[in-house]
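Novice: Starting from the known structure of chain A, arrange chain B on it as the hints suggest.
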Amino acid sequence: MGKRYVWSNIGSLLVIVGVSMLLPMAAGLYFREAEYKAFGQSALATIFIGLLLHMATRQRTKKKRISLRDGYALVTYGWIVVTLFAMVPYLLTGTFHNVTDAFFETMSGFTTVGASVLDDIEGTPQCVLLWRSLTHWLGGMGILVLFVALMAGHGTGAMQIFKAESSGPVQSKLEPKIMETARVLWCIYMITTMIVISLYCLAGMGLFDAVNHGFSVISTGGFSTKVLSIGHYHNALIDWVTVFSMFVAGINYSLYFYALRTRSLRCFVHSLELKVYAAVVVIATVAVLWFIAPGYHYNLPLAFRHAAFQVVSILTTTGFITCDFEQWALPAQFILMLLMLCGACAGSTTGGIKIDRHVILAQKAVQEIRRFLHPRMVTRLKSNNQLVDDDVVLSVMTFFYIYLFLIVIGTYLVCMLGGGMLDSLTAVMSCLGGVGPALGAWGPMESYSSAPVGAKWILSFLMLLGRLEIYTVLVLFRSPFQKRKHKKQETMLESLEENAILEPMVREK
Amino acid sequence: MQAVIIGAGKIGYNIAETLSREGHDVYVIEKDEERKQVVEENLDVQVMLGNGADSRLLESIDIEHADLLIAVTENDELNMMSCMLAGQYGVKKTVARVRKPEYDRNNKLASNPALNIDLMINPERVAAAEIAKIISVPEAVDVNYYAKGKITLLELQIDKDNPSAGFALKDLRGLHHFLVAAILREDTLIIPRGDDQILPGDRVFLIARTDQMREVEKVLGFQRRVVHSVMLVGGSRVAFYLAQLLEKRGLEVKIIEKDYKHCKHLAGQLEEAIILNGDGSDIDLLQDEGVQDTDLFVALTEDDKLNILVSLMAKRLGAKKTIAQVRRSDYLPLIEAVGIDIAISPRLLTAEAVLRFVRNSEFLSINVLEQGSAEVYEIILNAHMRRMINRPIKDLGLPKGILIGAMFRNNDAVIPSGNDVLMPGDRIIIFAAAAAVRKVEHFLRMEG
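Chain order of the listed sequences is A and B. When the letters of the first sequence are read in order and numbered with the numbering used here, they come out as residues 1 to 509. When the letters of the second sequence are read in order and numbered with the numbering used here, they come out as residues 1 to 448.
Just chain A, with the same shape it has in the complex:
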């Protein structure tokens, strides 16, 4: 029953993705580009296959309770299947000629990494560019969150899906119903996107570019319609609008929700995570400015603009750029590299480890040090003004460990396949964290097109792991171990029974 549940819902998911392909098709028609046909064909095919899949596996019987594993399976497999279908337009339009590049670009889009293998961006049809940005926007808040928002009546299963796709150590419902929560989140998401698009228009960007960058910035993706990204405009106003929008997108969305509900900004003031987030931005900007000021011949306004932009862009894992930060002094580059490990607030569209986890880890570290002096001390942790269970703390610690472990393994593999040491390390950190540009061969001014084929697949997989926050994907691999454990327990029980240890209990009954 689990498999049927997973595949029928993936069918519905494909329908959503198919329908969303109609937007670039319309854009293609408007701009009189021949590529609109490709989108029409893929949309039709995707919707058709999706419906077929849904019908074929639909359950006739009443829904039973779905298992945790089914929830995670739906999210992970859903993301992979959706990516496979969403890359079809790239192949049909001839943007990419091989599956590797198309898959990489699509995965990078949905996971809002923003690492691109597209070299000639300005020469690419506009409808294709719009599709790139749209994948960001759909993946930012989450395709499955959208799915939960649109398809009613999933009950506990929907909560599983929602948890599996949302970011951060603790997920909380904003409304009593999970569907309402998903809708509210998408509403806030859409409203902020509209605001950013209009801000871009006011700042002097063309409507098409504004829409694309709006999608990209609010989802903290990083795809641009220009090779030089935001740096193309050389416009201070556009830069600052982007910095502001990226910062806003890095804040926990539930804070916006509470601010709207209580009609006050108090929740922003009380949020420790937000304060830390802002402090990191300020400190990192000042530090970077300190190191790069000589390189800018002390043109402080420009240096400050560039420092703030790059810091916020990397911290929120967006990956827009306004300058080639590889020309900066090394300490400044190192700060940017560290920021890749940081990430913004939980519950936002950003990737990475996230400030909330760092706050929990730091608090725990302080407590453990204190416990050396007071071995009997009992401690509790708070995150977002709520008490955190010890289980959550443990899972955060494990997350941190696996995250670092993945960086090490990933770097090793990419190195093996022919990447340079710094290139591989930063590329893995960047893709796992959802940032985009790395340092070295795949730096801010280059694309990933030069990466070896194997490396592209590894990086694509890391993007998925990073976006779904590791556990959702990894639990699917754990099942063989679990089964073996079960067997062990059974044999233990048997031996216990043989030894008649359980006998008195049986007798009592």
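Just to be clear, a hint being listed does not mean it is correct.
Within a straight-line C-alpha distance of at most 27 Å, the following computed DSS-like cross-link-like pairs (lysine-lysine) qualify [claimed, not checked]:
no.: 1; chain 1: B; residue 1: Lys108; chain 2: A; residue 2: Lys173
no.: 2; chain 1: B; residue 1: Lys258; chain 2: A; residue 2: Lys382
no.: 3; chain 1: A; residue 1: Lys364; chain 2: B; residue 2: Lys261
no.: 4; chain 1: B; residue 1: Lys160; chain 2: B; residue 2: Lys170
no.: 5; chain 1: B; residue 1: Lys248; chain 2: B; residue 2: Lys133
no.: 6; chain 1: A; residue 1: Lys382; chain 2: B; residue 2: Lys248
no.: 7; chain 1: B; residue 1: Lys160; chain 2: B; residue 2: Lys315
no.: 8; chain 1: A; residue 1: Lys173; chain 2: B; residue 2: Lys31
no.: 9; chain 1: B; residue 1: Lys248; chain 2: A; residue 2: Lys275
no.: 10; chain 1: B; residue 1: Lys133; chain 2: B; residue 2: Lys394
no.: 11; chain 1: B; residue 1: Lys31; chain 2: B; residue 2: Lys100
no.: 12; chain 1: A; residue 1: Lys382; chain 2: B; residue 2: Lys100
no.: 13; chain 1: B; residue 1: Lys31; chain 2: B; residue 2: Lys92
For the record, the hints were derived by calculation from the structure and aren't laboratory data.
Specialist: Then chain B, alone, in the frame of chain A:
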């Protein structure tokens, strides 16, 4: 005055006793038959058996003519309902004991006029506030503030090696004015004259300006200490409220609590305090956590005997000052005799706070000292109190056992001498020995 008291627990009993002694008509409603008998045997009050929110019962004791209703049962909700009911009968003043923190915070419920509660009192909060007050002057047995905090009354214990022991009061001189209002010597309260001596073992009640008290204490051989670290045993509600207050002042607080789950709860509610899971009577634990260096040790478990025991142990191990919470009021005199510095009884403190509230509204505040051996009043003089005003104090003819401890005029406090003249609008602090308490009101009322 006709007063109705619901619940004859420790607090109710204490209030009933005091009000009845002062000559008021007191009705007590108690649901437990045995307790009813105890009250009936010991107090001159009318005791009814039943539920305090039973309107028929209330009507039977003529609730319409009651001036005061005090609901102090164990049950918060019942107390609140009784006050609500009293409101419908037009009772003038109501007091409810409300312990649950979610009720007594300033919220829509507490501020709801339909509840008709004039004073909501939380015994644990009162006790915590009292301990916090003592901590600010750790060398004192008791501390009270008057006149917007500008006047302090300290109760100080004179030890054998105190340099001022043996001196007559008139020989004690310092830079600033002060007043030794009373001396408690072997359970008798003396209102001293200039040639009375201070003896070891005395408790001295000292009144001075708050800003000068630090200097004044030195005259009596005391040096103001600063409390840095506090250790609490027992994670009761009192401990929680106290830790909250002390955290705000930036003190180092440790709480030792036996129940692990409760430790978890406290750790989540408090910010800086160190919560330790363990037995408070475990000497190793106390020593590991540095009881020998703590400035103040407070035992706040549910068990009186354990509190006494661990406080004594802490004192022996070197804690500078120890406070024990004791519920049974008959233990109180005993405890300070065995060497624990201060005994705190949340119920007695609550009874005092309630009494302070229900007395004449001309009194801004009333403090009961040393289990009723003396009371301190703070009042504002008006033109009708002719016996008090426009005359030097030495000519007022104050009865024996009453003295004017301080005077507060134009936002400035002074310790008056016999030649000072009181005027309408002055705030004065009157100190009265138990025997003279009744005369105070009489003296103030008298016109002519």
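Novice: Checked against the structure, which of the hints given earlier come out wrong?
Specialist: 8 and 10
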